[in-house]
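For the sequence shown, this note's numbering gives the first residue as 6, with consecutive numbering after it.
Worth flagging that the hints you see were computed from the coordinates, not collected in a lab.
Pairs of lysine to any residue residues, derived as SDA-like cross-links and limited to a Cα-Cα distance of at most 25 Å, are as follows:
1) K89 / V79
2) K89 / E34
3) K52 / Q67
4) K46 / H91
5) K56 / V79
Here are the in silico distance ranges between beta carbons for each label pair:
6) A21 / K52: 40 to 50 Å
7) M10 / R33: 15 to 25 Å
8) Q67 / F92: 13 to 23 Å
9) K89 / S63: 22 to 32 Å
Note that the Cβ used here is the ideal one computed from N, Cα and C, for glycine as well.
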Amino acid sequence: MNDFMRSMERLLEEDAEFRAGYDDAVERERMIATLVEWRDKAGMSQKQVAKAMGVGQSTISQFEGSTDPRLSTVQRYARAVGAKAHFLVGSTPSPAQANWHVTAPTQPSRRVWEGDTASTTTRVGNSRSAFAKAA
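Whenever a hint applies, use it, and build me the whole structure from the sequences.
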């Protein structure tokens with residue numbers, strides 16, 4: 006183990022604030038990875054998700070690589086891939102427990118996806134500005 010890893014382990018064990026920030030970052034990474042899995046399961050490309058959201062493909066790429074996405078962006082992306090993001094707030098759970106999860110929507114999505122042609126995609130949400138600022 007190198008010096009950097011030893012320092013990280015020490016900080017994670019000794020500094021509660023550092024540990025909390027680290028745990029938050031890990032949860033955000035897991036959440037984005039879960040959303041990307043939903044996109045893959047839906048058989049959608051980044052370009053198709055971008056069209057559904059009314060943004061460019063590069064914005065989706067930036068979102069999928071981000072470490073601190075906006076809540077509204079997470080929700081819009083989830084809808085675009087046919088899912089719904091749920092967030093829980095409560096007392097401190099163990100780091101292994103996710104404070105979010107993604108499920109299939111309980112009601113039909115505002116987004117309609119029936120194939121690979123762009124004409125079958127309906128835009129999710131009405132505002133590009135909220136997403137553009139998030140990227």
